[in-house]
Every structure is written in C-alpha cells, then in structure tokens.
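Chains as they are written, first to last, in UniProt numbering: chain A, 1 to 278; chain B, 1 to 405.
Keep in mind that the hints were calculated from the coordinates and are not lab data.
Take these hints with a grain of salt, some might be off.
Said to hold, decoys possible - Here are the simulated BS3-like cross-link-like pairs (lysine-lysine), alpha carbons at most 30 Å apart as the crow flies: (1) 224/B to 46/B; (2) 114/A to 81/A; (3) 46/B to 162/A; (4) 120/A to 13/A; (5) 162/A to 40/B; (6) 115/B to 162/A; (7) 254/A to 271/A; (8) 74/A to 254/A; (9) 115/B to 60/B.
What the hints assert, rightly or not - A short, non-exhaustive set of chain A residues, derived as facing chain B with CB atoms under 8 Å: (10) 104; (11) 106; (12) 130.
Idealized CB from N, CA, C, for every residue including glycine.
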Amino acid sequence: MITRIDTRFAELKKQGRAAFVTYVMAGDPDPATSLEIVKALSKSGSDVIELGIPFTDPMADGPSIQAAGLRALKVGMTLKKTLDLVRDFRKDDNLTPLVLMGYYNPIYIYGVDKFLADAKTSGVDGLIIVDLPPEEDDELCIPALRAGLNFIRLATPTTDDKRLPAVLANTSGFVYYVSIAGITGAAAADANVVGEAVARIKRHTKLPICVGFGIRTPEAARAIAEKADGSVVGTALVDALKNSLDAEGRATAKTVNAVAELTAALAQGVKGAQQAAE
Amino acid sequence: MNIAKPNSYRSGPDDRGHFGNFGGRFVAETLMPLILDLEKAYTAAKADPAFQGAMNGYLKNYVGRPSPLYFAERLTEHLGGAKIYLKREELNHTGSHKVNNVLGQIMLARRMGKKRIIAETGAGQHGVATATLCARFGLECVVYMGAVDVERQQPNVIRMEMLGAKVVPVQSGTRTLKDAMNEALRDWVTNVHNTFYCIGTVAGPHPYPTLVRDFQSIIGNETKTQMQEIEGRLPDSLVACIGGGSNAMGLFHPFLDDPSVEIFGVEAAGHGLTQLHAASIAGGRPGVLHGNRTYLLMDADGQIQDAHSISAGLDYPGIGPEHSWLHEVGRVNYLSATDDEALAAFQLLSKLEGIIPALEPAHAIAKVMELAPKRPRDHLMVVNLSGRGDKDVPQVGDILRGKSK
Numbered sequence: 001m002i003t004r005i006d007t008r009f010a011e012l013k014k015q016g017r018a019a020f021v022t023y024v025m026a027g028d029p030d031p032a033t034s035l036e037i038v039k040a041l042s043k044s045g046s047d048v049i050e051l052g053i054p055f056t057d058p059m060a061d062g063p064s065i066q067a068a069g070l071r072a073l074k075v076g077m078t079l080k081k082t083l084d085l086v087r088d089f090r091k092d093d094n095l096t097p098l099v100l101m102g103y104y105n106p107i108y109i110y111g112v113d114k115f116l117a118d119a120k121t122s123g124v125d126g127l128i129i130v131d132l133p134p135e136e137d138d139e140l141c142i143p144a145l146r147a148g149l150n151f152i153r154l155a156t157p158t159t160d161d162k163r164l165p166a167v168l169a170n171t172s173g174f175v176y177y178v179s180i181a182g183i184t185g186a187a188a189a190d191a192n193v194v195g196e197a198v199a200r201i202k203r204h205t206k207l208p209i210c211v212g213f214g215i216r217t218p219e220a221a222r223a224i225a226e227k228a229d230g231s232v233v234g235t236a237l238v239d240a241l242k243n244s245l246d247a248e249g250r251a252t253a254k255t256v257n258a259v260a261e262l263t264a265a266l267a268q269g270v271k272g273a274q275q276a277a278e
Numbered sequence: 001m002n003i004a005k006p007n008s009y010r011s012g013p014d015d016r017g018h019f020g021n022f023g024g025r026f027v028a029e030t031l032m033p034l035i036l037d038l039e040k041a042y043t044a045a046k047a048d049p050a051f052q053g054a055m056n057g058y059l060k061n062y063v064g065r066p067s068p069l070y071f072a073e074r075l076t077e078h079l080g081g082a083k084i085y086l087k088r089e090e091l092n093h094t095g096s097h098k099v100n101n102v103l104g105q106i107m108l109a110r111r112m113g114k115k116r117i118i119a120e121t122g123a124g125q126h127g128v129a130t131a132t133l134c135a136r137f138g139l140e141c142v143v144y145m146g147a148v149d150v151e152r153q154q155p156n157v158i159r160m161e162m163l164g165a166k167v168v169p170v171q172s173g174t175r176t177l178k179d180a181m182n183e184a185l186r187d188w189v190t191n192v193h194n195t196f197y198c199i200g201t202v203a204g205p206h207p208y209p210t211l212v213r214d215f216q217s218i219i220g221n222e223t224k225t226q227m228q229e230i231e232g233r234l235p236d237s238l239v240a241c242i243g244g245g246s247n248a249m250g251l252f253h254p255f256l257d258d259p260s261v262e263i264f265g266v267e268a269a270g271h272g273l274t275q276l277h278a279a280s281i282a283g284g285r286p287g288v289l290h291g292n293r294t295y296l297l298m299d300a301d302g303q304i305q306d307a308h309s310i311s312a313g314l315d316y317p318g319i320g321p322e323h324s325w326l327h328e329v330g331r332v333n334y335l336s337a338t339d340d341e342a343l344a345a346f347q348l349l350s351k352l353e354g355i356i357p358a359l360e361p362a363h364a365i366a367k368v369m370e371l372a373p374k375r376p377r378d379h380l381m382v383v384n385l386s387g388r389g390d391k392d393v394p395q396v397g398d399i400l401r402g403k404s405k
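Only chain A is shown next, with the shape it has when bound in the complex (with noise of 0.2 Å):
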C-alpha cells in the first residue's frame, strides 16, 4: 500500500529537504472558511496537512486547540462535516497528504467500519488519534491499516528503548515525535535534545520522523527541520487564525491570508534548512 504521504516523502527525500506539517481545526471558525484555508495551507507550503476533528475534551491539547473545538462545535462541525470538508478540498487538490488528528469516541460513535470506507472515500491519507495507545490497536489502528490508511502513532519522550518497537509496531507514514512530555501549545524543546530523541527513534525504524509540539517561528521550524524529517506547527497557526476573528469569533476578510501568510513564512524557514545526514 502506498499513500499519498508515503510518496510525498520520497520526493521530499529526492529533494533532499525536510517536510513542513500544518494543523488546523476542521470547522474553525466556520466550515466553509474552514474549507479555504485548508486550501491555502497547501498553497502556501505545506508538504502534510493535518486535521483536527473537533471534540469537547481534548485531554492532551492546550487551551488555543481546545478553543478551536469549541469555536467549531458551537456552528455545528461534525466528524461527518469533517469528511465532507476533505471531499471538498479533494476536488481541488489530489497531491497532498492529509491527515485527520484527533480523539476516539467521535469516531467510535461514527463507527469504526463506517468511519474508514467513508475516510478513505473522502481522501484521507492517515490517522493520528491522540488516545489509541498501541495496547488498543485492535480498537481502529489495525482496521485502519486494513482499510489502506496510515495509522501515525505519536512517540513521546517517555517512550524509552524497550517501549519503542510496540509503539512502532503498526505505525506507518510517519512517527509523530512529541518533543516535550506535554499539552501542545506548550515552551518549545531545545533542538539539539530533539536531534538525540530523533536519533534514537531512527535506530529503529525507516519511516520519516516528524517533530511537533511547542514549533511556532520560522527559526524554531528550520532548527527541528534540521534534526528531522519534518516540523509540525499546529497552535500557532490556530492563534493567527484566532486573531484574524471579529469580536463574536466570526471570520474576517482577514482570516484566510493571516494562516496564509504564517505557512508561508513558516514554510520558507523548513525549506532553508539543510538536513543532517543520515
């Protein structure tokens, strides 16, 4: 099974540069702006986007991604409107790997089978679901792998030596580093510790280690970028939104540009950096 990540990678590789991974919330602030940044985040310099699907009690998030699932909810975003919002941004743009973020009961409630024909449809490439450990692979990661999506596992730095081949077990597309033991949102880590815990991580697999979690300026994304196969910038991109917003939280003529001209920036910073060989 190759997806669209898979072969994004291989051309990154080709090129020899690191990949620049957005997050952003479905929904956020509304769906139909929510579906224009999506597009600009692809046009702007994002290699992978990934998508946060809303929910109530996102227990590892900090408070600029929560506010985004409430910002999102509260105009009535759904998992299904989620999927709507790929199929939307997919006639448009088949090339870039994206990938839905986000936590398990909504799709439980979806259902698991229900929820991966009509993801795969759609076309999502992958899945990161902040509460599937890999002692709950049966629940949807190995469904997932069956259904041709990728299942990227987050690893931590309390995943030591010994934990590592689990965690990496039926991972596929790409490892998600957390730099810091953490809520994202949080103080950024020191690239140097991040280039260790990247390679540690890369004597046990081949797959592309992207690093996230506390990325917000273009040095910040060029120093990881550096280490890693990929920086992943997420709260800050949600901020600048959040900004663009009037006083009631609606968009504003401003809203799309401001994630626009951020990726952009951000973009720029991955693309300078030269790799570490490997």
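Could you slot chain B onto chain A? The hints should help.
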C-alpha cells in the same frame, strides 16, 4: 444483547483492564509508560504484607475504621418496611469514603518515589482527602476543581487550602468535574516524571478502576462481617449513590457473588431524565472518555454533554467501567433520583436520625424511601452513607430559605 454470565462477578478486569466491553487504557502515549509502572507497583504492593500491614494501621488509627453499621430505627419505623442499616462512611476522618482510596494511592505514590500529587475534585471530598494525606506525609498537593464547584463548595476549598494544597479553579468547558479531570490529565502529561495522579473514583485508565475498587472494598467487607455479627446473616439488599461510583463499588464488590443480595445503584437524575441530569446509564450509551470505555452522556456526534446534579460530587457525564459492565450483565439495578427527591431525603434523614447526609448519599436515601416500604419487615437493607453534609449545609440552606420565601 445476549451477554454471557460469568462464573464470578469479582474476577475482572482481564489483563488488559477490560470489564467485558468496558474499561481499557485510552490515554496519550506520554502517560502509557507511567500507567504500566503503576500497574506493576500496585501488583507488588498488593502482595506485600508490609504494605498491607502499614495500610491497616493507618485505616484503624488515622481514618477511624471500621466505620459503624448503624440500625436506623426511626427511619425504619417511618418507612414501615425493610430494616434499614446505615454504613457510616461519613464518620471517617475527612468526612467521607474518599479517604480509604486516597490513603491507598498516597502509600503507592510513596512506594513509587513520587513527591508531587495531583487530583481532581467535584464536591471537594476527594480533594480534601488528598490534601489531608499529602499533609500527613509531607507531599506537594495540587487539586483541580471546576470554577463552578469552587463557588458552590466553599467550605471544602477553604479546608484544602488550610491543609496546604493548591486549589486550581478550572475555567474551561463546563467548569465542573469533567473539566477538572481534563485539566488534571494535562498537568499529568506535562509533569509525568515526578507526579502521581490520585484519581478519585473507579474510572480512568486501567489500573485505576481496579485499584480504587480494591481500596474501597473495605466498605463491603466490613459490612459483611458486621451484618453477620448483628443479624447473623447476609443483608438482603444494598443501596448506594453513583457519580463515578467508588463508594458504591466499594460496598457492592464483596457481595457480587452472593446471589441472594439485591443491589441498587442510584444515579443523579437532576431536573429529570428528559432534562438536565447526570445519569449516565439511564440516559447515556457506551463511549470513550478519560481513559476508559464506559456509559457516557453525549450527543449523536460523540461530543460529551453537560451533566447536571444538585450534588457536585455526582455531576459527571460518565460512570466507572465496572458499573457499566454490571449493568449490562444485569447483576446491579441502576435507578436514579432527582434533585428534589435528594433534597427531601436530605431533610428526612436529618430530622429522623440526627444525621445530616451529604447530597450524594441523599440520592441513595431517596431510593430507600421508595424501596424499603415495599419490602417485608425481616428484609435487611444496607445503605452506604458515603459522606456527611457539612459541605452542603450552606447550599441546602439557601435552597430551603429560597423555597420558604
């Protein structure tokens, strides 16, 4: 659904933490190594006579156990049916059953070398118990509490602060217990290296539902012995209130394999089951939240809904996974009582027995008022009086004064 009846209702969970379809470990990867460590540490502690001996010493001399099994003569006369006994967990140090579990977890935390303890609390009883034992053992204590609950449970907030704990009002979401639990999980993810999360009920990722149940089972074990001493036989029925369900599980578990014992759990029906309530089994369905699969209040899209109860301790949109399983296999009958029924029971017990119950067990008393008159006079009914009402006196006073105006 056709669900196989097990040989024993007490053998769960399986080695992956599942009670039938419920339970499990649905948490972020950052927490998994610690949860696996905790499981190992708990297994070792359970088998260690020194750990058990030390715990029994504190239970006797610090907590004040065993708690009495009291024959409520006037309540029995008033209701005119079953003989009603109250298991007096409200007489424990700190005023509720919560201390049984916290003592166990704090001793485990010490064994694991953790110096910082975090907890979530609704009514504040679990927070007070945690703050108390952290003071006793000289540990740093941070308690997350929904901002709404900080307002309505002021006496407990002041107690926690006097005991040296830091109380963090949680402003996110509905600003009640579920949000306090989210915030505690975020703290834990951030400070996983030095922090022990002391969960207050039989919920959360495996092994928490099991270890909290085991620490609370002292309630049912004592009840069994005491009833033998007083009446020479087993009780005929048990009644306890359920939020997450730890006091109920503690009373029920030792009796699950005694088929003659009828068991009733009472959820909070708030304004009524068709309006705002906190009855996860009566008004919810299975889903995944806070590390486990269990009955939850949610909408058609799997978004968690707000719970409501007059009692901050029951105001949670979920229930412990073992309860969900006991409901599905039909061993325990889950009922519900409204805010108004709980208030009436609160007043009745205060006036007839001179015992002011917490609003949580007032829900159990409310169902005793329904069940007991229908039972014969030789029927032995035990209700778990899980906490005392001091914390609720200002709130109930306001309501009653408002009603009398």
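Hint check, failures only
none
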